[in-house]
Amino acid sequence: MTEYLHEFEVLFNNTEKPILYSCPGAYAAQKVLEMASTIVGGKDELRKRPILTLYTETVTPLAFSSTNENIIEFAKAEVPFTNGPVPMLGASAPMTLSGAGVVSNSENLATLTLSQLINPHTPVIYTCWATPMDPVTSRCSFGAPEFALGTSVLNATMASYYGLPSYEFGGCSDSKLPDAQAGAEVMMNSMMAGLCGVNLIHDCGYLAGGSIGSIEMAVTCNEIIGMVSRIVKGVEVNDETLAVDVIRAVGPEGHFMSQKHTLKHLETELFFPKLFDRTSEVTWAKAGKKDVRDIAKEKAKKILKEHFPETLPKDVERQLAQIVKDAEKELLKKI
Amino acid sequence: MGQEAIFDELVNAVLSFDADKVMDTTRKALSQGIDPVSIIDDGLAKGLRVVGKKFEDGELFLMHLVAAAEAVQRALKELLEPEISKRKEKRESLGRIVIGTVAGDIHDIGKNIVAALLFASGFEAHDLGKDVPVEEFVNKAKEVD
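As given, the protein sequences belong to chains A and B, one line each in that order.
Note that this note's numbering numbers the first sequence so that position 188 is 176, with each residue one more than the last.
Note that this note's numbering numbers the second sequence so that position 5 is 69, with each residue one more than the last.
If you're looking for bench data, these hints aren't it; they were derived computationally from the structure.
Just so it is clear, the structure is predicted and the values come from calculations on it, not from any experiment.
C-beta atoms are modelled at their ideal positions from N, C-alpha and C, and glycine is treated no differently.
Hints may be right or wrong, so weigh each one.
Using C-beta positions, here's what the derived DEER-type ranges look like [unchecked claim]:
{"#": "1", "chain 1": "B", "residue 1": "K152", "chain 2": "A", "residue 2": "V124", "range": "41 to 51 Å"}
{"#": "2", "chain 1": "A", "residue 1": "R35", "chain 2": "B", "residue 2": "R138", "range": "45 to 55 Å"}
{"#": "3", "chain 1": "B", "residue 1": "E134", "chain 2": "A", "residue 2": "V124", "range": "45 to 55 Å"}
{"#": "4", "chain 1": "A", "residue 1": "R35", "chain 2": "B", "residue 2": "D121", "range": "56 to 66 Å"}
{"#": "5", "chain 1": "B", "residue 1": "V178", "chain 2": "A", "residue 2": "R35", "range": "40 to 50 Å"}
{"#": "6", "chain 1": "A", "residue 1": "K277", "chain 2": "B", "residue 2": "G122", "range": "55 to 65 Å"}
{"#": "7", "chain 1": "A", "residue 1": "K322", "chain 2": "B", "residue 2": "V198", "range": "17 to 27 Å"}
{"#": "8", "chain 1": "A", "residue 1": "I219", "chain 2": "B", "residue 2": "V198", "range": "35 to 45 Å"}
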């Protein structure tokens, strides 16, 4: 259990972003909440500015385990949680996506009920997931079309039915490399998540069905997410964008390059790739014929070398280390 | 009807993945006076081996393997084992295996498949179920050794 505390310590010390992660059971949850309170300046502050969200998992089908006692601790602290049931088609749930959705929804309604009984102000993020188990390998397939359907369509529909924010997957693949398979699967599940309007999307850069975290794939996902975001933005249609006056002014056989309207809309209408290559084959060849995987790797290395997150104040850093140390001692005594 | 026909029927019942059919065919074989150990070795276990091979070749999926294993398991527990102990017979065994899912773990699908295929290959598999404490494994091993 102490591994989770060490992981949280590393996370708190190395990111300025909000954290969504697991801490199974009541004790780990208490300690993690203590660490978070220390960072923001107390329990009340944490309630107002929750810098973390708990990720917990019920035991599909239809069971709680002692690890889910973390929900109770987060509810008491009024810090958000999300429960991710992973019903696998034909294994831990019915073979049909809808049937698995029923199992998933039931488990989530149970966690919502539990949390609201403890504290009716507990913030929650809803999920309704149905995932395929590959019947040949018995692995949960993160890159399957049914995975994209089962975690986005069902999820977004049920979340909007209940009026709750939703949480799901995007940016993950079954491939072992950040290759063409990974690109296709990541685009598929990211696009589905985006178009369905899911609120919180995770697992970017996950390969091998969630067994490998790939930094270069995360960099590629960033590019794909940019494209998806552009598609989700859609086509704006109004007098300004229809630009009939501009078309009339330019007239037949003219060009639009120097029109004010062009420059005004250039940067908002287009997505600008930061990673994917759109140059000619000649330019590409001159630049060393690089595969996008190599470019992503270079970029990941550059970020790791150059990016330094803002660190926590030294005394807070020390207090976090002390909480972990004390917890370790306490847990050793229990053994 | 010769014995071969009923054995084929048993194998086909396993390959239908229908537990009721496996039960009915097993009852039929017993009523014909077929020896329960032969029902296992030449019928049900043979059927499981065919399923295992077809799974290995990618012709069948994990669900088929589990369904077949559970069907055979039911026929064993409810029909064949009581009959075998009544007759004080013994199935020839390649060895005795004690198997179970360790304490704290309730995931038993993989274990069930292993136990079923060990059984199909001629081992005597003692399946202790799921969430099994160490002491139970030790006690069972001492008991059957």
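For each hint, the structure was consulted:
1. For K152 of chain B paired with V124 of chain A, a C-beta distance near 43 Å keeps the hint of 41 to 51 Å intact.
2. Separation of R35 of chain A from R138 of chain B is about 54 Å and conforms to the stated range, judged on CB atoms against 45 to 55 Å.
3. Our hint of 45 to 55 Å for E134 of chain B and V124 of chain A is violated, since their Cβ atoms are close to 20 Å apart.
4. Roughly 58 Å separates the CB atoms of R35 of chain A and D121 of chain B, a value that falls within the hinted 56 to 66 Å.
5. Distance hint for V178 of chain B and R35 of chain A: a CB-CB separation of about 49 Å, consistent with the stated range 40 to 50 Å.
6. As the Cβ distance of K277 of chain A to G122 of chain B is approximately 38 Å, the hint placing it in 55 to 65 Å is violated.
7. At about 19 Å, the CB distance of K322 of chain A to V198 of chain B agrees with the hint of 17 to 27 Å.
8. Distance hint check: the CB atoms of I219 of chain A and V198 of chain B are about 55 Å apart, inconsistent with the given range 35 to 45 Å.
Checked against the numbered hints above, the structure breaks hints 3, 6 and 8 and satisfies the rest.
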